[in-house]
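K.L.:
Sequence:
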Amino acid sequence: MKVKITRNAAKVIKKQMDLEENKDLKLRVLITHSHGDHAHYGLDLDTPKENDEIIPTDKDIDVILEKGQPLLDGVKVDYLYFPEEGFVITNPSQGNHGDH
44 MKVKITRNAA KVIKKQMDLE ENKDLKLRVL ITHSHGDHAH YGLDLDTPKE
94 NDEIIPTDKD IDVILEKGQP LLDGVKVDYL YFPEEGFVIT NPSQGNHGDH
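Under our numbering, the very last position in the sequence shown is 143; numbers go up by exactly one each time.
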């Protein structure tokens, strides 16, 4: 499985992960809702469970993904400042280029 984290997203994520209360946690990308051939995604700080896979990224952030979820493979985590500030999670490899 693959995960891409952009430079903007990595900066924001690392600030949260560097907090003392989060030092033992990893970033989890999860499906909040799926229908048909695409999904809506969310982020959380969590510990790996039995059915999880830990994916290293080129931004030195390990990401937890649930095994056997094809809509999570290839997910991209970005952080935009315009038009609204916040995370944008898509999966271009699955044809998901943003929420609708």
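Check each hint, because a few of them may be wrong.
To be verified - Label-pair ranges, simulated between beta-carbon atoms: (1) Glu63 x Pro113: 20 to 26 Å; (2) Phe125 x Glu93: 27 to 33 Å; (3) Leu88 x Tyr124: 32 to 38 Å; (4) Phe125 x Gln59: 18 to 24 Å; (5) Lys66 x Pro113: 27 to 33 Å.
In case anyone wonders, no lab produced these hints; they're calculated from the structure.
The structure presented is a predicted model; accordingly, all values stated were derived computationally and were not measured.
Cβ coordinates follow ideal geometry from the N, Cα and C atoms, glycine included.
K.L.:
Against this structure, judge whether each hint is valid.
P.N.:
Right, here's what the structure says about each hint:
{"no.": "1", "hint": "Glu63 x Pro113: 20 to 26 Å", "in the structure": "violated (36 Å)"}
{"no.": "2", "hint": "Phe125 x Glu93: 27 to 33 Å", "in the structure": "violated (40 Å)"}
{"no.": "3", "hint": "Leu88 x Tyr124: 32 to 38 Å", "in the structure": "violated (22 Å)"}
{"no.": "4", "hint": "Phe125 x Gln59: 18 to 24 Å", "in the structure": "holds (21 Å)"}
{"no.": "5", "hint": "Lys66 x Pro113: 27 to 33 Å", "in the structure": "holds (32 Å)"}
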